[in-house]
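Take the sequences, apply the hints, and build the full model.
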Amino acid sequence: MSNRVDLGLLKELKEYGHVNVEACFNCGNCTAICPLSTDETPFPRNNIRLLQVGLKERILQSTDPWLCYYCGECSETCPRDAEPAEAQMALRRWLTAQYDWTGLGARFYTSNTWAIGALLFMTVIVLTLIALFHGPMETDHVELNTFAPIHIVHLADLVMAVAISLYLFMNVYRMFSFIILKGAKVKIPLSIYLTEAWNLPYQFLTQKRFSECEDRRPWLNHMILASGYALMFAIIVLFLNWFQTDNLYPLFNPQRWLGYYAAAALIYGAGMAIWGRAKKDRQLHKYSQLSDWLFPILLILLAVSGLLVHIFRYVGMPLATYYAYVVHMIFVPSIYFVVGPMGKWAHLFYRPLAIYFQAVKEKALVAQTAPAVASVGAD
Amino acid sequence: MVQEKIRVDTLVVGGGIAGMQSALDLADQGYQVALVERDPSIGGKMIQLSKVFPTLDCCSCITTPKMSAVAHHENIQLFTYCEIQAIEENDQGFVSNALQKPRYVDVDTCTGCRQCEYACPIDVPHPFDRYLGAHRAAYVPFSTAVPQKALIDMENCILCGKCQRGCPANSIDFTQKEQPFEIESRAIILATGFEITPPDAKKEYGAGQFHNVVDALVMERLLAPTGPYGHVLRPSDGKEPDSIAYVQCAGSRDKTLGVEYCSRVCCMYAIKQAMLISGALPLADITIYYMDIRTFGKGYDQFYQTAQAMGIEFVKGKVARINEDENQNPVVRVEMIDEGSKVVERMHDMVVLSVGMLPCYDPQPIFGVRSAEDGFVLTPSINMAPCVTEHPGIFVSGTAAGPMDIVDSIVLAGAASAEAAAYLEANDGNRRSVKSTTNAARVTAHA
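Which chain is which? The protein sequence lines are P and B, in order. Going by our numbering, the first sequence opens with residue 1, and the numbers climb by one from there. Going by our numbering, the second sequence opens with residue 380, and the numbers climb by one from there.
These aren't lab readings, by the way, just hints derived from the structure by calculation. A couple of the hints might just be wrong.
For the chain P half of the interface with chain B, some residues (derived, Cβ under 7 Å), not all of them [as the list claims (entries may be wrong)]:
#	residue
1	N29
2	A32
3	I33
4	D39
5	N46
6	T77
7	D81
Some chain P residues judged to face chain B by a derived CB distance under 8 Å, without partners named [claimed, not checked]:
#	residue
8	C27
9	G28
10	T31
11	P79
Source: prediction; values computed, not measured. C-beta: ideal position from N, C-alpha, C; glycine also.
As structure tokens, then:
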């Protein structure tokens, strides 16, 4: 294990959020007040200590920041205003950038110019592609699938999904190598990977750990947002043929109300996030970075522009439909290539993965010590 | 009867240990002193305490003689139950408008026999015993009060007249009124003391709602021989506690309470109380949860080591939360920093909050003396003249200047007296023929 001290770590972290951990005198209030801190993963004080002394490797190997859901109680009660919760948030951004093999994550998190530039770049790319590949614009009545041929759009969708998956997979591998390959002090049998695998879908779908925070309202908001997002993602990637259609389904058809629910959930959930960040009424919303604004704003724009496409088509306004569709199309790739695997979006995977890796590590440690305990018992 | 105008060299405001010491130090040098105390007895916080660290001297035994000395000193005029309402400055010094509050008892004839107290049917929770005990509406403030004179708590009095009938000296006088008078002085010493962290300050610690979570001043009263129960019992059910925990920094070094500073006394008083409890309840387990132990005075660290050797448990970690179980046992939640960072919830029979020292008096409106950011009296030259305020002729003594223990209060009280004496010498042509302001000149003159 490397114990090399990185003197620049704290300075680096400060570019990722409102980091004030120099104020901390290590009283342990934050760890004791945290409802999620456990004997195996006591945080946040421990990783704040690591930050103070610059043990970069140890932080890279840690799952702690992902186990925090920013209820903010530690920051509210911190006797030094050291903002331990915001330190976890900054660490999550920093870890996301460290997991990202391209280095884009670090660029986007630390430079707004880069992030906005990437956004504009994606817009130009999308507009170029649409200009090259769009079909004829039927102006008598709405024929969206003539303007945007479904097979091309779907193909683009799939290509994008594969590219993003590969990108994400490489980041996840880096995360795995930091946390398990370098960070696990114990040999992990394959069986434990398998028996603990249920954690991934379970945590992904329920965000159970989040719900263990004292104030459950943020969890509820987040669940609504996440359900809308997951539903919309599934519809677009798997069932685009059914969804992007010139048929107007009756209202009771699942195509209609599933779409409405997903859009409403996205707008409500992301809207609450934006509203909270603007009002700064909770600890969790006190400090916001561009990435925290961008993700919900893009989600809302995505949902609203999608709804507009639907409304214009419904009332039979061809040109308005096509333009709304173009706008809609701008936001889809933007999310993935600006706040995607290199940014805030990746927390969808990093959070359940961190819980999974932590469970695997802990089970392996128990398994390692259990035979010794059993033999003592046998004596 | 109070005179309408008195003239002294120095007015001392506050009759706690610092004010008493300042008054005595000046009076012993021959200066005339007026000591004004807002409570009906002098003695301040110190007379409430059980024993003092690090010597474990009995507090009453060392405070009461000082109180008596103040009361009987020929150069000190003592005004209790009296407040300063305004001051004016002229070329002679200060003219303070004092207000003598009515005791409804003629102090010249009252002998402190307490017959009024025995006759009075009204019980009032007693602040001296931190509300664990009661006094009557007609009462002598406490057993060692100085002056040992009764007063009537008119807010709770029902005017039944029983005290009047019971008083053998015919001292009860319901017709007394507030009596303003003037004190002319050439210097003023502020010894207005401190207040402790209010019980509802921290919601994580129950905001004062848990019966068995008490502040350290309550424990002082429980440990004091003159205390409300005469024994250490927990307030909710009178049970003798087997396990007592101290939560350090429960009011100091905490930005959420707006108190950034260290109160300097809590480590030592907690250790002292832990030792005293070990004596009173030899079987009780005592734990002190702390962030840092700061035992910096003479003999203090040895005191800490003695406590460790006595078996008092010291746990590093700030208590984040106190809950209460169904039997009203407090449960503390803390990260055991030296035990592998384990977060534990430990039940105790009683928790004592080591509350901090807060400023309790803002001298700005009346004395024109500013307070520092922490609320204690501003002393611009903290290193070279720690008791000299911004206002010429006004000095500060004891905890009015900042958190400090009794030892330091007495040191600062002496320093304030010396500063005041030097000021009086330098600015007075009548009393002694010295006008110089320099030390050298003063030494020469005395020689």
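Evaluated hints:
1. With a least beta-carbon distance of about 4 Å to chain B, the hint placing N29 (chain P) at the interface is held under the 7 Å criterion.
2. At its closest, the beta carbon of A32 (chain P) sits 3 Å from a beta carbon of chain B; the interface hint therefore holds under the 7 Å criterion.
3. Hint status for I33 (chain P) relative to chain B: holds, with the closest Cβ pair at about 4 Å, below 7 Å.
4. Interface restraint check for D39 (chain P): the shortest CB-CB distance to chain B comes to about 5 Å, inside 7 Å, so the restraint holds.
5. The restraint placing N46 (chain P) at the interface with chain B holds, with a minimum CB-CB distance near 6 Å, inside the 7 Å limit.
6. For T77 (chain P), the interface hint holds, since its Cβ comes within 7 Å of a Cβ in chain B; the closest pair sits about 6 Å apart.
7. With a cut of 7 Å, the hint placing D81 (chain P) at the interface with chain B holds, because the nearest CB-to-CB distance is about 5 Å.
8. Hint status for C27 (chain P): holds, given a least beta-carbon distance of 4 Å to chain B, under 8 Å.
9. The beta carbon of G28 (chain P) comes within 3 Å of a beta carbon in chain B, closer than 8 Å, and the hint placing it at the interface holds.
10. Among the interface hints, the one on T31 (chain P) holds; its C-beta lies about 4 Å from the nearest C-beta in chain B, closer than the 8 Å criterion.
11. Below 8 Å, beta-carbon pairs count as interface contacts, and P79 (chain P) has one with chain B at about 4 Å; its hint therefore holds.
Going through the hint list in order, the structure satisfies each hint without exception.
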